[in-house]
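Novice: When you get a sec, could you build the whole thing from the sequences and use the hints?
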Amino acid sequence: MSNTAITYLIGACAGVFSLAAYGAWVLVPVWTAYSRTWERLAAAFLSLYVLLAFVGIGTGIGALVIWFWDRL
Numbered sequence: 026m027s028n029t030a031i032t033y034l035i036g037a038c039a040g041v042f043s044l045a046a047y048g049a050w051v052l053v054p055v056w057t058a059y060s061r062t063w064e065r066l067a068a069a070f071l072s073l074y075v076l077l078a079f080v081g082i083g084t085g086i087g088a089l090v091i092w093f094w095d096r097l
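If you use my numbering, the sequence shown corresponds to residues 26 to 97, in order.
Just so you know, these hints were derived from the structure itself, not from any lab.
It cannot be assumed that every hint is accurate.
[Unchecked claim] Derived CB-CB ranges, DEER-like:
hint: 1; residue 1: L89; residue 2: A49; range: 23 to 29 Å
hint: 2; residue 1: F93; residue 2: L66; range: 39 to 45 Å
hint: 3; residue 1: G36; residue 2: S72; range: 21 to 27 Å
hint: 4; residue 1: G40; residue 2: L89; range: 19 to 25 Å
hint: 5; residue 1: A30; residue 2: V80; range: 22 to 28 Å
The structure displayed is predicted, hence computed values, not measured ones.
Positions of the beta carbon are idealized from the N, C-alpha and C atoms, including for glycine.
Specialist: Laid out in structure tokens, this is it:
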């Protein structure tokens, strides 16, 4: 297995595990907090802001690691 394939495999696994964590720790509590379907759908849609915040924080940390890699 080449280094590129290993990198793609790790990236794919990280993406799958991240979506699973989002589903378990954000979507399930959001869905169970409300009883009406429209409230559940609205809360699930609004929880996308949480997902985007997680993605933004992860991207920022990754960019900082790349920027300061030679100093670490």
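Novice: With reference to the structure, classify each hint as holding or not holding.
Specialist: Hints and how they fare:
Distance hint check: the CB atoms of L89 and A49 are about 27 Å apart, consistent with the given range 23 to 29 Å. The supplied range of 39 to 45 Å is met by F93 and L66, whose beta-carbon atoms lie about 42 Å from each other. Take G36 and S72: their Cβ atoms lie about 24 Å apart, and the range 21 to 27 Å holds. At about 20 Å, the beta-carbon gap between G40 and L89 stays in the expected band of 19 to 25 Å.
Range check, A30 to V80: about 24 Å between beta-carbon atoms, so the 22 to 28 Å window is met.
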